[in-house]
Structure formats: structure tokens, C-alpha cells
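**Q** Sequence:
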Amino acid sequence: MKRYLSHFSALRYWGFEMVQQYFKAEMDTRKFEQYLVLNPKDRFNTKEEKSFICTKKISESSLIINNGIAVVTPELMFLQLAAELDILQTIILANLLCAYPNGPLSEPLMRKEKLLAFANKAAGLHGRTKALRALQYTQNGAGSIMEVFVHMFLGLPHNLGGLGLKGGLFNYKIVLDKESSQALKQKNCYVDYCFPKMKIAYEYQGEYHNETVDHDSSRIMALNRMGYTVKTITKTQLYDSSKLNQLIHYIANKHKKRIQIRTDNFQNNFLRLRSLLPKNEDN
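Position one of the sequence shown corresponds to residue -1 (the working numbering), numbered consecutively onward.
Please note that the accuracy of each hint is not assured.
What the hints assert, rightly or not - Okay, derived cross-link-like pairs now, DSS-like style, lysine-lysine, Cα gap no bigger than 27 Å in a straight line:
| # | residue 1 | residue 2 |
| --- | --- | --- |
| 1 | Lys54 | Lys112 |
| 2 | Lys233 | Lys252 |
| 3 | Lys229 | Lys185 |
| 4 | Lys0 | Lys29 |
| 5 | Lys176 | Lys229 |
| 6 | Lys241 | Lys197 |
| 7 | Lys197 | Lys164 |
| 8 | Lys164 | Lys255 |
What the hints assert, rightly or not - Restraint-style ranges between C-beta atoms, simulated for each label pair:
| # | residue 1 | residue 2 | range |
| --- | --- | --- | --- |
| 9 | Asn266 | Glu15 | 29 to 35 Å |
| 10 | Asp175 | Arg10 | 44 to 50 Å |
| 11 | Ser239 | Glu15 | 25 to 31 Å |
| 12 | Glu15 | Arg41 | 28 to 34 Å |
The hints are simulated quantities; they were obtained by calculation from the structure and are not laboratory data. Fair warning: this is a prediction, and the values are worked out from it, not measured in the lab. Just so you know, even glycine gets a beta-carbon here, dropped at the ideal spot from N, CA and C.
Using the sequences plus the hints, can you model the full thing?
**A** Take a look at the structure:
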């Protein structure tokens, strides 16, 4: 019998630290191992193990033996999890899979292009439609879970609960001019979430911010001198409903965007997005 670690069991196997951190509750509720089987005769279910049958054609390259363990690839795992999650959770998942866990100069474990290439060819597989929709709002390069939420609140369309701003990029590299470079003692500056065309940058500041006040001030002054508007977003602004609404209106004004909601889905998805903010993390 051929069986492959799948779904959340595959996630445990492959790592993806930020994904595991965010979806810890979902993983903890599944006290059993999940397996993919290709033959209906191989189906099984015990207290410790659950099987999922797939009779659709699956690329052999997405079913591998790695260090002696049979497991689905991260690309197939993404579709499997998309089938279990709602669309907002799937967008979070996709962005975290494609994150840069060790900073903008680190190597990502996955890229959007690979997820998209697989999903495009995976006709008939469960989760494909939702995965493709989620990838429309996915980018490479997030540096933290909270940066993903900044991206979603600002960048998702109204029908998914976002402000609908386009052009935002994670960890955008700004090449400093000579004066700014000398002041910061570095040649480049990476901002958490940036709209390069409008020269508007957003920096997420968690409860335990690593930079000193002096360095933050010098950094903002340097970017201001180069024509960038820099806005710091705090944890409180995302978690407090009234402060979040104030922030959304401030950002809309900065981007010269009128908030005209013409979809009944906005409020429900906006509230759902707020409910998906991490519960017990020092962000």
C-alpha cells in the first residue's frame, strides 16, 4: 500500500516555521497523522491515522520519497490545505509559505511562482480553485506574520475585507542616496511594506521592537529626505477595532482613495480578517 504524509502532517514534516507558528491551533487539534492514498482499496482510518483518497491524476513529481519518508510536495500540500481552509486563511497560508523567514536577504523555502505553476496544472484536484484565487493576493518576501496582515488589510479587494490598494510590496529594497547612506551606515534600506510608485512605506512595529528610537528616527528621516512617506503601524492599531478603523481611513487618505464599499461581503470579511489575527504571539 502506497501512502504519503499529507495535509497538516506534511506541514509538520516540511517545516515552514511561520506557517506552523500561525496554524499551531489547527495542527494541535489534529492528533492523528494524515495520509494521501491513490487507490480506494487502500483507504483506512484509525484513531492515530486518517487517509484521504485521490483518484484524480497527480503528477508523480508531487509524490516523493524524502529521506525514506513518503510525503506530498509543499505545492500539493498547499492545495490540500486550501480545501480545508476558508479563502482568507488560504491567502494567509500562501503568503507565509512564500515568506523570507530570516530577513530579506535569506532564501525563501517556497515561491509564489512554484505554487502557481503547480496549481495551474492541477486540474480537478480539490482545493485548486481556492488556491488559485488566493494566489492572486500572494507575494513573495513577507518577513513576519503581521506583515501579511498589513498586506491583507491594505491590499485585499473590498469583497475580501481589504482597502483595495494595489502595488504594495513586501520588504522593498530602497537604494539610499549618498547622504542617507552615510547617516545610516548602510547602502540599502528594506521597508516592511512599500508602495514604490507613490513612495509610501509602512513599517510594522511589534511590542518587542529591535531597533532603537534613534535608529528608527534616523531611518525615517533618511527615507523622508528621499521623498518617501513612512508610516509606522503598531500592534495596537491592528488589534483595537477603533484604532484599526482610524488607521484604514488615514491610509485611504494618504493614497487618495475614497472608501466606497459596494459589496455586502466587506463587513463580514473585514471582521473575519480581524478574527484571524494571531491570538497569543509577541508580534
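**Q** Look at each hint and say if it fits the structure.
**A** Here is what the structure says about each hint:
no., hint, verdict
1, Lys54 x Lys112, "holds (21 Å)"
2, Lys233 x Lys252, "holds (20 Å)"
3, Lys229 x Lys185, "holds (21 Å)"
4, Lys0 x Lys29, "holds (22 Å)"
5, Lys176 x Lys229, "holds (23 Å)"
6, Lys241 x Lys197, "holds (24 Å)"
7, Lys197 x Lys164, "holds (13 Å)"
8, Lys164 x Lys255, "holds (11 Å)"
9, Asn266 x Glu15: 29 to 35 Å, "holds (31 Å)"
10, Asp175 x Arg10: 44 to 50 Å, "holds (46 Å)"
11, Ser239 x Glu15: 25 to 31 Å, "holds (30 Å)"
12, Glu15 x Arg41: 28 to 34 Å, "holds (32 Å)"
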